[in-house]
Amino acid sequence: MRPVYAISGGVSKFTKSRPDKTFGAIVKEAYDYAIDDIGLDFPTFTRLVDGSVASYFSDHFTRQLMAGIMAQDYLGLVPKPSHRVEGGGATGGLCFQEAWKSVASGHMDICAAYGFETMSHVETWKGNEFIALASDISFDYPVGGFYSGYYAMMVTRHMKEYGTTVEQMAHVSVKNHINAYFNPYAQKRNRYTIEDVRNSPMVAWPLTRLDICVMSDGAASTILVSEEGLKKLEDEGAKIARPLVKVTGIGRGTDAMRMSDRPHVDYDFFIENYATPQEKDSDETLAYYKELWDRGTRYPGVHSFRAGRTAGNMAYKHAGIYDPVKELDFVELHDAYTSSEIQTYEDLGLCRYGEGGEFAASGEAFMPGVEYDLNLPKQPTIPVNPSGGLIACGHPVGATGLMQAVFAIWQLQGSVEQHFGDGTLQLKDAQRGAIHSHAGTGTYVTVSILERE
Amino acid sequence: MSKLPSKRPETLGGYIVHNIPFPAEITPESLEWIKQMAPIQIEQPYQITYLHSYAQDSPWFAALTNKKLLANQDAGSGYAYATPRGHDMYSGDETKWIDITEKTAKIHAFTVCHFGSEEFLPETPFVLILVEFEGVNTLLLSRLVGIDPMEATLDWIGMELKPKFLRNSKLKPTDVYFAPA
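Protein chains in written order, with this note's numbering: chain A, 1 to 453; chain B, 1 to 181.
Because the hints were derived from the structure by calculation, they are not lab data. One or more of the hints may lead you astray.
Claimed, not checked - The calculated DMTMM-like cross-link candidates involving lysine to aspartate or glutamate, where the alpha carbons are at most 25 Å apart (straight line), are:
#, chain 1, residue 1, chain 2, residue 2
1, B, Lys7, A, Glu195
2, B, Lys96, A, Glu358
3, B, Lys106, B, Glu134
4, A, Lys16, B, Asp155
5, A, Lys290, B, Glu134
6, B, Lys7, A, Asp36
7, A, Lys101, A, Asp136
8, A, Lys21, B, Glu10
9, A, Lys80, A, Glu29
10, A, Lys16, B, Glu43
11, B, Lys67, A, Glu291
12, B, Lys106, A, Glu291
13, B, Lys172, A, Asp73
14, B, Lys35, A, Asp136
15, A, Lys160, B, Glu43
16, B, Lys35, A, Glu227
17, A, Lys246, A, Glu227
Unchecked claim - Example chain A residues on the side facing chain B (calculated, C-beta under 8 Å, incomplete):
#, residue
18, Ala132
19, Ala152
20, Asn199
21, Met257
As the list claims (entries may be wrong) - Covered stretches of chain A (in silico footprint by chain B; criterion: 3 or more residues with CB under 8 Å from a CB of chain B, positions within the stretch not fixed):
#, region
22, 260 to 268
23, 307 to 321
24, 391 to 397
25, 403 to 413
Glycine is no exception: its CB is placed at the ideal position from the N, C-alpha and C atoms.
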């Protein structure tokens, strides 16, 4: 595989509704921004780009089949090669990785990845119905198909197993909303307190409205290139930011569509197949897990995302990461729910299984230099969702994983202030970050590692 | 007295219009001006009835109409699935049917849905549960009745349950539901 660089990106402002433009035109906002950011004009880039990957989740929201080719057409990219990817909430992350594959394999030197979702075309509760169709329509959906309900069931089990509290979950909401206060692309830019989160309307016990991301209209785009692609662009006058951002790790995992089908494996099987190398090397951690299993924990059950652990382990191995807390500077992860951010801390090895709640309220995942009005016992060590995540930025599904990639590129380029008009969210000397995209109760998960050269 | 909502609910529907304002004369200026127009939004109704087959899972639904709860099991390993599955995920072999109607059932996880997808909004609040059965390896998603949904507590996890069956079957997984034992 060849080295792949993520050189540029663009995001449309995520918002509740964009009736002013078609989905193709919204994608073009993000795509044009990415082209403009490398200093090329549209015709020159169109001539040089080899092809693309398109990303959107649901044909239902647009009531338009083959919307991917319509966006390709609107972007002036026909007849160049392209395909659409779809994998629920992980669609954007899959798209980013498919673009990486196109370049790494040598099939393309310059590949555009773009994604979108226009969810405002139906009422909120009809939108929830569409999303719930991403559960088994024979056995799950008819019982009361509702994704917030599914995630709420998972977290009640997490709370029972590990003592995770609603206040710990609310810390995630406060953090991500306040981070987004400094992100002009975010849909929700509000300063909330723990009390605000708990006092907002209950949606699916124990998740309140402020524990849950909103539906959005929006698009995002990134440009990935090989070394040859980089040269082609620069020979034509592109001004590509240095240091370069390289994609150094790719990982994916899957799990059973019906969470009721997920296994409950014993200690030995967990350690052999799912523990991180760091966990395996620590006698103290092995003893900790032995005690969890002795108390009745089984893995992954419905409280953990085996696909997330699989994707993380694979991406870390690819990138040569052993201790993610020490070797990553930030993580943009899929926080459709505050609870799933906590579960994902554990999947990604930012803490051990069972410690996610405590980690959420510790301060370690918070941004340095941002005032949260919380009593946090620890200093930030691995900021999670510096952009504000899905909870505050919004979740136009096909765009979301690419939005994470764009914010990660800007973070590693050191260009957050240039793009946000505010440098508060710029981490000093960020060298390496992870982006994590997650679908339907943990069915598809992608983890990609981006690194400053 | 409870406060009135701060805004009226948004709904679709309204008047039918056959003409909307537009420049009376087409000029370069008016063609430029129409770029400032607010977008036109219309309703596009869409309705469809699918003919859905339960296929190899059909006996499970037939059993519910006869007040029996079935599960699938791999004959070799004994690994059992509370939610039907025609082939075992480990051996790849076709599974057999077993009767779990009388097995001890408990709540493994739950939630109370105060909102829901459009189809289920009228039923809120309702309680979703994942049920674990003695000697069965996987779970079953179902509904819980006979408790106060406003008194949700983690103590519900582990509660022993008994299955209840609709007398007039709808041939849906909700033909079985659970109540505290």
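Given the hint that lysine 172(B) pairs with aspartate 73(A), test it: the Cα-Cα distance must not exceed 25 Å. 43 Å, violated
Please work out if lysine 16(A) and aspartate 155(B) have their alpha carbons no farther apart than 25 Å. Status violated; Cα separation ~38 Å.
Restraint: methionine 257(A) near chain B, CB-CB cut 8 Å. Satisfied or not? With Cβ-Cβ at 11 Å, over 8 Å, it is violated.
Holds or violated: the region 260 to 268 of chain A covered by chain B, criterion of 3 or more residues with Cβ-Cβ distance under 8 Å? holds (count 5)
Checking one constraint from the list: CA of lysine 16(A) to CA of glutamate 43(B), max 25 Å. Satisfied? Satisfied, since the Cα-Cα distance of roughly 18 Å is no more than 25 Å.
Would the pair lysine 96(B) and glutamate 358(A) pass a check requiring their Cα atoms to be no farther apart than 25 Å? 44 Å, violated
With the threshold set at 25 Å, check whether the alpha-carbon distance from lysine 246(A) to glutamate 227(A) stays at or below it. Between lysine 246(A) and glutamate 227(A) the Cα gap is close to 10 Å, so the pair holds against 25 Å.
Given the proposed pairing of lysine 7(B) with aspartate 36(A), does the C-alpha separation stay at or below 25 Å? Violated. Lysine 7(B) to aspartate 36(A) sits at ~41 Å, over the 25 Å cutoff.
Need the status of pair lysine 290(A), glutamate 134(B): alpha-carbon distance at most 25 Å? 24 Å, holds
Are the Cα atoms of lysine 7(B) and glutamate 195(A) separated by 25 Å or less? 23 Å, holds
Within 25 Å, alpha carbon to alpha carbon, are lysine 80(A) and glutamate 29(A)? Cα-Cα ~20 Å, so holds.
Pair hint lysine 106(B) and glutamate 291(A), alpha-carbon separation not exceeding 25 Å: 24 Å, holds
Hints 2, 4, 6, 7, 11, 13, 14, 15, 16, 20, 21, 23, 24 and 25, counting from the list given before, are not met by this structure.
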